[in-house]
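Enquirer: Spelled out, the chains give:
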Amino acid sequence: MPGLGTSFGRGGATTFQQDLQNSDCILIMGSNMAENHPVGFQWVMEARERGAEIIHVDPRFTRTSAVSTMHVKIRPGSDIAFLGGLINYILENNRWFDEYVRTYTNAPVIVDARFQDTEDLDGVFSGFEPKEDKYDIASWQYDDMAMHGSAGRRMGSAVSGGKQDAHPGEVSQEAQNQLLEHGEPPHVDMTLQHPRCVFQLLKKHYARYTAEMVERVCGTPRAEFLKVADALCRNSGRERTSAIAYAVGWTHHTVGVQYIRAASIVQLLLGNIGRPGGGILALRGHASIQGSTDIPTLYELLPGYLAMPHKENVDLANYIEETTSKAGYWYHTDAYMISLLKAWYGEHAQPENDFCYGYLPRVTGDHSCYPMMMGMLEGNVKGFFCVGENPVVGSANGPLQRRAMANLDWLVVRDFVEIESAAFWYDSVEIETGALQTEKIKTEIFFMPAADHLQKSGSFTNTQRLLQWHHKAVDPEGDCRSELWFYYHLGRKIREKLAGSNDPKNRAVTELTWNYPTEGRLAEPDAHAVLREVNGWGPDGKALDAYTKLKPDGSTACGCWIYCGCFKDEQNQAARRKSRHEQDWVAAEWGWAWPANRRILYNRASADPAGKPWSERKKYVYWDEAKGQWNGPDVPDFEKDKRPDYVPPDEAVGEQAIDGKSPFIMQGDGKGWLFAPDGLVDGPFPAHYEPEESPVNNPLYAQQSNPVREQWPSANNPMHWSDGKPGADAFPYVGTTYRLTEHHTAGGMSRSVPHLSELQPEMFVEVSPALAEERNLENGGWATVITARSAIEARVLVTERVPDYVVDGRPTKVVGLPYHWGVKGVVRGDSVNDLVGISADPNVHIQETKAFTCDIRAGRRPRGPALRDLVNDYRARAHLPLEE
Amino acid sequence: MMAVEKRVARSHPLARQLRGPDKYALADAAQSSVTASLQPRTQTADRVVRSVCPYCAVGCGQLAFVKDGKIVQVEGDPDSPISRGHLCPKGSATRTLAQSPIREYKVKYRRPYGTAWEELDLETAMDMIADRVIATREQTWEAKGEDGKPLNRTLGIASLGGATLDNEENYLMKKLYTALGVVQVENQARI
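Protein chains in written order, with the working numbering: chain A, 29 to 912; chain B, 3 to 193.
Here chain B stands alone, though its shape is the one from the complex (with noise of 0.2 Å):
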């Protein structure tokens, strides 16, 4: 009953303004039922996500709003000491970081005087990279130096990444990298 009436008043909004109490029709008098039904993502949402923003070091907190198994909105978090909710321009753009119209879904394969990307299945990149790290390690692997002393390493292979990775990220990737006596294992933190 009361929705109907709501609706029946939402259709006559210059009688809403002359009868109201919204006499210049900036508010509730100019308010179309279709605006009236709209609600922010942020309530439709199924569940709500704690997370941190990506972007620089500040370290400013996340609220990931999701429905149907997809982001749909990032809100900085209120209860944050050091953000205090708020988020910059970048933090405020992170849900379009996650759905890119440029972000890649797939592996891609250029070969060696290759001209063009080629596709390749995840499970077999993933064991040609493996291959690869074995052939070149065993290639150029250095037992010991001139003098005797050891030395235990590759200088074949190199990486250079991890500032915007998780701590527990960067850890697997020392443990490896050592463990297969990579040393020029470096970061965005030198640059």
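Only chain A is shown next, with the shape it has when bound in the complex (with noise of 0.2 Å):
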């Protein structure tokens, strides 16, 4: 979540869901929570039963928009110009919480006068390349701040290799701020009256952001606009807070990140980041998806958020440079570095061997899940490990997914069940059509089934960073395994073959440390071994508490910086259940939360300057004086006894350089940035894009589309023309996709479910009335949706919970898809994301599958070759390659 990062300082959720209870105001946009998390909700519930307000703003009427007390609609896609809409319309009407904004936030900082914004430039910030599509970022740097911009340093520079290296994003990303360095404070202009103060750009970057043009862009009546506004605006300041809850409705898109960004400036403005009931709470749909990014297996990020090496890192020293900033905690990457390469490489890391730096490969552009399909297709990508993932069902573009995987020489796929991943090589669309033919098709299959989490011991990181271990209840049956037995084996016999090699890029493998303990009959590997090692030890051998416990001299080693402590003491402090019953809401002993067990980050900010609560009834985190420390539920976030008069020496780096009322201790400067001069390839302000297939001109700008998203135009992956271009009526609806609360993503844990199954049999269509009386579709009958990658069928649900629009004058109809089902499974149905196309937000390569267009028509979609000859039909009336 760069969204958060890049505004906060760190990529997870501000806040915790119990928290939500505390909120006078909730706003869900981007979610449908009470369908898809519907236990978490319950906390929503409890605010609203204290009487707060909770507003669910979404292209369709959900069970989440049934309890709420208001629901808004809005066309999908358009989220960035409500958000700015309420951005203008708190600036217009004086409702910052301007203490808040004036100390903690980036809003006095005085810009570089060569930033031009999208108002001078009708949609592009200054420094776009247009041949490259990609931004020069010099001119959005704080005035006389030296640029240090160079390969591989900063995710957001202009990095080698074409499509930017960016941070991923349901991800978070972390290492920011570099270029703020000590000793050169910003210029400031306190009074927020400079032209070029982030306070008045803000100003004039929204000041178009009306209520009429929300009306006119998202299709939502001004005066219901008016009213969240107010509510939000109501219910923040020094006596009340609100929250804000998105979900993937927010990642799906070409501008993704900088829909968070948005609400981001939102909750800054408002004052509602650090305090109890306000945050931004990002709902993830998987049970460790927060985990899997704290320790990823994402492409360009080493543990605990450090940059994976580019090759212009060609040393440690080098490495190190780029990636340490001069203030706040990134000041100590060698520290987090140096004892990351001690866990993995033992005693074979040294100080005279870069600690072994030189065996880590490099990147060298985007290597992430889209790009790595197109190298399957190509025949660069031989052989493909495919864990607990269903990419045929779950990533954009079906079609092209299957064609790539049946062009590799090796897959193998670890499930509970046959997925349509390992069975597309004789099950599938393109067999059906006959565009791919089983024995045609070279790739050799390992199907391995897994086991599942009762199965095996571990950790799942959930929605709020709480790590949460989970016991093993029983051995798993016949060849399951867990993924911890399938890696710790297959690496343990790689090394055995690889042994007494000479080679360097062996040796990167036979000196790495492997020597977890096995138990059991099937030699399980310990769990506990590798979480301890997760947390790391110091010079003597023992677990360490602290991640500032780290050093850079190789005498501690830590596999993920951000996790250390939660081996504290020796014990598995994921593992500790101690009953809600017996402590506080907080619940501070129930599992272990990163960083160093805080529930709310940043929660200095819920204090005033001096450190006083802002009021008694949103009293959290605050300074006392005759103790001399922060006092409160939580752990603070802030150093303990750093008092709020606090004044950085001129000599002081790292934390020591943050003053005593700056909350965002991650930030160089240690403030929220309203305004986001690096860490962001597409813009230092949000600004409204139209989807890359859009049914309308962009009202806002001359820029159509974000002008720097990811593409990859090609026969398998044709993407529809927008309005005004020959083609683009040919798929005059919006379509969109979502889950239901039975199904889980591409179906592998529940069309496997008989109970699930039952509940929710059939794939299914929602349209209006008015879309069904247009498409002369019935109720229960059947349709077939169609875009020029393929055509899909679905019974017909025929509902006013999906509402009409007016966007820019031009009556627009919604068509909405649950993306559930595949050819396998105990029920079965056709996929969704065979419809979508792949484009991505620059950022995070998150491909847009929440707003797109399509048609729709009454009837089966036919079958054989004949789908194609549907397909081919659709793409000459739309001017698109036709398929072979």
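Treat the hints as calculated values from the structure; they're not laboratory data.
Be careful, since some hints might not be right.
With a straight-line cut-off of 25 Å between C-alpha atoms, the simulated DSS-like cross-links for lysine-lysine are [stated by the list, open to error]:
1) K521/A - K72/B
2) K521/A - K110/B
3) K72/B - K470/A
Beta-carbon label-pair distances, calculated as ranges [said to hold, decoys possible]:
4) L40/B - K577/A: 52 to 60 Å
5) P532/A - G71/B: 41 to 49 Å
6) Y26/B - R78/A: 37 to 45 Å
7) E375/A - E121/B: 40 to 48 Å
Yeah, the Cβ is synthetic: ideal placement off N, Cα and C, and Gly gets one too.
Dock chain to chain to rebuild the complex, using the hints, since each chain is given by itself in its own frame.
Expert: Shown next as structure tokens:
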């Protein structure tokens, strides 16, 4: 979540679910929380019972809307216009939290004179290089600040290799703001009047995002928008706080990171970050999606949001220099990185050999999942591990995914059941149409049955950064094994086969620390031992209790610095289960949250600059003068004894360079960022751009879509033209995808379960009565939904829960599509992602599935080659290349 | 003695309905002896193991009830400060997830151009996969870029997955892949 990381410093939810009960107003947007996070939603209901206003802004009326105090409709893909409207409302009506904004955000900072806004350049910022579809971000800097951008240093900086390197998306990124160095404090105007100060630039940027404009772009009635704006403002300030919850309804766009940035700006202006009942709660869809970004199986990261070395980082000294900040906790990057290398290479990692840094592979561009699939299509990627993941159903453009996998030399699929990604070679639409033929597919496939969570021990990190341990209840049956078992023994076998080799590339494997104790009949590795390595140990071999103990001299080892402390006192802190009945509502002794077991991040902001609670009602962490420390029910997100009036001496570095009233301690300037001078590749302020495929021209700018979005146009991935271009009218409707309570993503864990399959047996499509009439669709009957990628069939559900829109004066209708089905499982149906083309956010490479264009007609889809004919007929009408 | 009396009494529901306080036969009077002897699986389990729901990221506490080495029930954990004992439809179906009628228990192998699955021994499969990793790595290794700077990597191998896996599993995956020079390591978090 670079949206959160760039704004506040850490790429994780700023708060925890239970804290929602303290909110006076909760805005749920880009999320259907009641249906997709039902148990977490109880905390929203607690707030409502206490009188809070619950606002659901969503393209559909869902069960979340049904129990909210207000449902407000919004056209899919237009949320930045709505959020920008809120920002404009706050600024025009003097509703911002003045003391918070002046002291805790970068509102007073003067920006480089070369900076030009989208208002000046009709939809692009200064630095846009149209030939390369990217920005040079030099002009976005603070005034007079040195620019150190060089390849590999910064995710936001222009990096070699065409597409920019950037950090992922549901993913976080923390390493940033290194450009701000102590000794060069930014120029500020505390009166907020300077025409180039962030506050004035913000005003100018959003001046045209009026209630009228919101209505025009979003199709949201003006009066309803104003009710939302007023409710948020009324419920923010010293005495009251509002929270925002979102999910992938915000991230799945070509400008998704900026959706979250826009929400961050709203919350900073209203003073809602770091305070009880405030914050931004990112709702993740998988048990350990936060964990798998913290300890990343992502190409551009090492554990703890350390950057993966770039080719330009030729040695450790260069890597450290490029990724270290003078101020804030990223000053200690050397300690984090060297401790990681010690954890991985043990005694082999020594100062004289750069702690084995030279063994690490280097990135040179975008190696994310979609370029990876393109690499398979081109024949460059030959072997593929597909682990608890079902890309031919769950990733955009199913036909492309299947063709890519059919071009592999070998494939390993690990799952509970035979998912579609294991079966595509004999059971798929392409086999049906003849586009692929079983006996011509070369891919060698190993299907490896997986153990489930009851058959293994380990920890998940949930949506609020909380590590919770699950204990093994029973042994796995048959050949079922955990991933821990699979990767440990695979590594063991590879190491045995490479033993004795002097080739440096093989020594990178044979010198790896890989001696985990195993137990039982199956020789299952001890997950505790792995978590203990993640936590790290000191020179005495004992588990460390805090990342502040890590050293850059090789005397400490730590597998993931932000998790340091999770094995404090040699105890598995993630396994703590002190009942909620035996502790306060914060429940600090249940599991363990990174960092340092903090539950609300940036909680120093819950006190005023002098360290006093903003109000008795919203008291949380505050300065206790008598004890000389910060107190409260949570772990202070601040050095415990740093006084509120602390002023750093000139020579101070690291956390000591952050003053006593700057709560965002991971940021180089300690401030929440209304304006992001660094860290994002597509703009320092969010601007509304239309989705890649849109029914309208952008009413706000001449620039239609995000100018630096990622695109992979080809005959395998044709994208529709937007309004005004020939062929755009072939696909007149807006499609959007979503989940159902009874199913889980691509279905591997729910279409295999009879109970759940019985509850939601069949793929369906939701349309409004007006659309049903327009296309002769009958409730309960069949419909075919068509795009240039494919056509699928579904049962029709005609419902007023899907509203119609008027966008920029034009009627616009929406087709709603739950995306869980595929050709395998207890219940089967066509896959919605077969319809979706691949285009992506340039920061995080996340695809746009929440807004695309399509057509719908009555009846079932054609079978066999006739399906291809139908799609080709549409491609011809849409002025797109035909499928072979 | 008591048990006999009870069984006798239970054999005459009408009598119980007429004589007892449950005049409308909505409670005890309607209960058969079979029903009376039923016990919830949670009570007859040998042990209870603390777990966490594997579906979404709310992180609901689960209690897994085990009898004779089998999972017999999965319930919400009332001690959890997050979920307070609740589970949603998916979480409530966890036992059936683990015991799905279509769950696979054996390694399956499809040879190149093959038209059907074949059986394969787990140990053999592991060796074959290890061999393929080594061979593909050797074949696609990039030691240096065109400018002579080190790359130490292979773009011939890729991995996708992990958001339903444990932290410890992701850690071993990242550690092994990185040592092997595999950089195309990706995750549902992106998707």
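Enquirer: Run every hint past the structure and note whether it holds.
Expert: Hints versus structure:
{"no.": "1", "hint": "K521/A - K72/B", "verdict": "violated (32 Å)"}
{"no.": "2", "hint": "K521/A - K110/B", "verdict": "holds (20 Å)"}
{"no.": "3", "hint": "K72/B - K470/A", "verdict": "violated (40 Å)"}
{"no.": "4", "hint": "L40/B - K577/A: 52 to 60 Å", "verdict": "holds (56 Å)"}
{"no.": "5", "hint": "P532/A - G71/B: 41 to 49 Å", "verdict": "holds (48 Å)"}
{"no.": "6", "hint": "Y26/B - R78/A: 37 to 45 Å", "verdict": "holds (40 Å)"}
{"no.": "7", "hint": "E375/A - E121/B: 40 to 48 Å", "verdict": "holds (43 Å)"}
Consistency note: the structure conflicts with the earlier hints numbered 1, 3.
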